[in-house]
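Undergrad: For reference, the chains in residue letters:
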Amino acid sequence: MRFEHRRGRLVFHLGKLKLEYTIEPRYWRNPWIGVAFLILLPLLFWNKPDYMSLISSANVYAAIAIPLAWQMTGIGRMNFGPQFFVGIGGFSAALLSIHLGWGPWQTLGVVVLFSLVFGLLLSPLTTIAKGLYFSLITLILPLMFLEVTFVFTKMFQGETGLSGIAPLFRFDNIRIEQIVACYFSLGLMLLFLLIVDQTLRSRIGLFAAAINDEEDVAEVCGLNINFWKMLCFTITSVMIGIVGWFVAHHDGVFAGITYLPLTFMVKILLVVIIGGRGELYGAVVGAYFVAILEKVLTIFGAVNYILFPLILLIMLFTLREGLYGLYRQHKYREYYPTMKVRKR
Amino acid sequence: MLLRVENVSKLFGGLKAVDDVSLSIEKGEIVGLIGPNGAGKTTLMNLIGGSHKATSGSIFLDEVETTGLRPNKICRLGISRTFQIPRPFPDLTALANVGVGVLCGKSRPHMSYSEAMLDASHYLEFVGLFGKRNTLAKDLTLFEMRSLELARALATTPKLIMIDEVMAGLNPGEASRAIGLVRRMIEEYHVTILWIEHIMKVIMETTDRVIVLQYGQKIASGPPREVINDPKIIEAYLGEEIA
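Here the protein sequences line up with chains A and B, keeping their order.
First residue of the first sequence? That's 1219 in my numbering, and the numbers climb one at a time after it.
First residue of the second sequence? That's 265 in my numbering, and the numbers climb one at a time after it.
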């Protein structure tokens, strides 16, 4: 194993394998400014529990939207049901914690395993179902899961959800516990951001972009599209499953009615669309925007449920590239394509 | 023998798009595939490239049977192609487009991403697009898109390149540049070419042999001069003489 510094890159040689890391300032300057801002944010509101929970929610939304952005590019299809894996992760963690008394770090391994199994089982859909059919199937999956939680009420406690899940951290001071949980959610989101960002800068990102653009042509160029689509779907499903695990242990309660219905999907979709379809950093911007919007809209009471999709529709028509798209109009550098619904 | 197609047929419902076609191509040959519109030329190309599955018959590349293999496996065995209507990856840069060919075409497990891009730059330079390496493919002109497709096809390090109407829509100046490019590809990379083309002048000047298809059937094969004077071919292209 040896390191080598080439122009703007660090190259790690592991036997015959070469791993590269881009160190050009133009690539990391803006992301680091953003990260520094996000790290400082909880400190500014440390004595306001409402805002702390808003920041945690935003991080959770982003942590779902980031792998989803990779998934939608890498499989070339719109997934309308990422919350299915939030459910898999959340319920696995909750059931193990309540019935077997497992702690969060014990349940994590099983959550990863379950998400991996379900991801693998569902991944052939990316090769069988095209375009809108895939979107429809993924839309139905979490709703079916929700029905299951009602049918097997004894197991999943349908309406009320499972409570008494072991918390992630235990501190005597509730405020410290909240700050730690907030930073943990931020850490999880940033970890996902780093993983997906580095992946998309590698050959895997290039393959994902090629599949998203013209999957038939990518196959003619020698790319095993079925393998890469299934791999992408499975890995991102595991990542979303881990978010479910975090939510269950963070809240201490996990209810299907909170995370599986369309309303939660609309939120995630709003994050993706506002951020800019297929944009990683846009997902973070979108997540904070949606979390703040959600908070602001609560003053309208029940109208909130109509306003949310209404805003989604307006943004769909007016900001096709999302909020991040506004930034990109000034600093145009298109690394990866925007998502499109495949009709063929 | 590089490519051997044996009694290949393709049915689309009741329509026989390719009907019991057999042909062979030697290494280093430039073979023209001609015929009127709807003769089954592109379908035959799709069958060879694996985009369509043959209803019957067999295809061999270097004596390895490729019938029924997926397009990516056929590409890795050494068959690459361009498209009648250019199909680049529109939202990727020209460099990334060719990079896909470099990384996917042949198994190069130890090639890093930047080495692949360096290799892709070489192919872009070869087709004269190095200056546009950072331009999105959708922003290129038709001629540039066709050149990009040729570079992408070359990047997969093929033994056989199937070119589908590379001249379509090009002005005379661009067309002659495209011919020059294909000639240089053959000289420098020693690839075998199967070329679908409607412009007979190009076929006459460039190819060693011509195969003619009509209604999905092979009706003639031979040197271009001989084939073009065959009354059957004249009839196929121009129709029967009136009175």
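In case anyone wonders, no lab produced these hints; they're calculated from the structure.
In this text, a Cβ means the ideal position worked out from N, Cα and C, and glycines have one as well.
Among the clues, some could well be false.
[What the hints assert, rightly or not] Just a sample of chain A residues kept apart from chain B, beta carbon distances all over 10 Å, derived:
1) M1362
2) F1425
3) N1442
[Said to hold, decoys possible] The calculated lysine-lysine pairs, modelled on DSSO-like cross-linking and capped at a C-alpha distance of 30 Å, are:
4) A:K1348 <-> B:K402
5) B:K317 <-> B:K291
6) B:K291 <-> B:K370
7) B:K396 <-> A:K1236
8) A:K1348 <-> B:K291
9) A:K1234 <-> B:K496
10) A:K1234 <-> B:K465
11) B:K465 <-> B:K337
12) B:K317 <-> B:K396
13) B:K402 <-> B:K423
14) B:K291 <-> B:K337
15) B:K465 <-> A:K1348
16) B:K496 <-> B:K280
17) B:K337 <-> B:K370
18) B:K396 <-> A:K1348
19) B:K370 <-> B:K396
20) B:K465 <-> B:K370
21) A:K1236 <-> B:K337
22) A:K1266 <-> A:K1513
23) B:K317 <-> A:K1234
24) B:K280 <-> B:K337
25) B:K465 <-> B:K496
26) B:K337 <-> B:K317
27) B:K396 <-> B:K423
28) B:K370 <-> B:K402
29) B:K291 <-> B:K423
30) A:K1348 <-> B:K496
31) B:K370 <-> A:K1236
32) B:K317 <-> B:K370
33) B:K465 <-> B:K423
34) B:K496 <-> B:K291
35) B:K337 <-> B:K402
36) B:K317 <-> B:K280
37) B:K291 <-> B:K465
38) A:K1236 <-> B:K423
Undergrad: So, for every hint listed, does it hold in this structure?
TA: Status of the hints after comparison with the structure:
1. M1362: holds (32 Å)
2. F1425: Given that some Cβ of chain B is not farther than 10 Å from that of F1425 (chain A), nearest at about 7 Å, it is violated.
3. N1442: The claim is violated: N1442 (chain A) sits with its nearest Cβ about 5 Å from chain B, within 10 Å.
4. A:K1348 <-> B:K402: holds (24 Å)
5. B:K317 <-> B:K291: Satisfied, since the Cα-Cα distance of roughly 24 Å is no more than 30 Å.
6. B:K291 <-> B:K370: holds (19 Å)
7. B:K396 <-> A:K1236: Holds - the C-alpha atoms of K1236 (chain A) and K396 (chain B) are around 28 Å apart, at most 30 Å.
8. A:K1348 <-> B:K291: violated (39 Å)
9. A:K1234 <-> B:K496: violated (59 Å)
10. A:K1234 <-> B:K465: violated (50 Å)
11. B:K465 <-> B:K337: violated (35 Å)
12. B:K317 <-> B:K396: violated (37 Å)
13. B:K402 <-> B:K423: holds (28 Å)
14. B:K291 <-> B:K337: holds (20 Å)
15. B:K465 <-> A:K1348: Given that 30 Å is the threshold and the Cα spacing comes to 42 Å, the pair is violated.
16. B:K496 <-> B:K280: holds (21 Å)
17. B:K337 <-> B:K370: holds (10 Å)
18. B:K396 <-> A:K1348: violated (33 Å)
19. B:K370 <-> B:K396: Given that 30 Å is the threshold and the Cα spacing comes to 25 Å, the pair holds.
20. B:K465 <-> B:K370: Violated. K465 (chain B) to K370 (chain B) sits at ~34 Å, over the 30 Å cutoff.
21. A:K1236 <-> B:K337: holds (25 Å)
22. A:K1266 <-> A:K1513: Holds. K1266 (chain A) to K1513 (chain A) sits at ~14 Å (cutoff 30 Å).
23. B:K317 <-> A:K1234: It is violated: about 38 Å lies between the C-alpha atoms, which goes past 30 Å.
24. B:K280 <-> B:K337: holds (26 Å)
25. B:K465 <-> B:K496: Distance ~19 Å between K465 (chain B) and K496 (chain B) Cα, so the pair holds.
26. B:K337 <-> B:K317: This hinted pair holds, its Cα atoms lying about 14 Å apart.
27. B:K396 <-> B:K423: Holds. K396 (chain B) to K423 (chain B) sits at ~27 Å (cutoff 30 Å).
28. B:K370 <-> B:K402: holds (26 Å)
29. B:K291 <-> B:K423: holds (8 Å)
30. A:K1348 <-> B:K496: violated (44 Å)
31. B:K370 <-> A:K1236: Cα-Cα ~18 Å, so holds.
32. B:K317 <-> B:K370: holds (22 Å)
33. B:K465 <-> B:K423: It holds: about 25 Å lies between the C-alpha atoms, which stays within 30 Å.
34. B:K496 <-> B:K291: Cα-Cα ~28 Å, so holds.
35. B:K337 <-> B:K402: Holds, at about 27 Å.
36. B:K317 <-> B:K280: holds (13 Å)
37. B:K291 <-> B:K465: holds (24 Å)
38. A:K1236 <-> B:K423: holds (28 Å)
Of the numbered hints given earlier, the model fails hints 2, 3, 8, 9, 10, 11, 12, 15, 18, 20, 23 and 30; all others are met.
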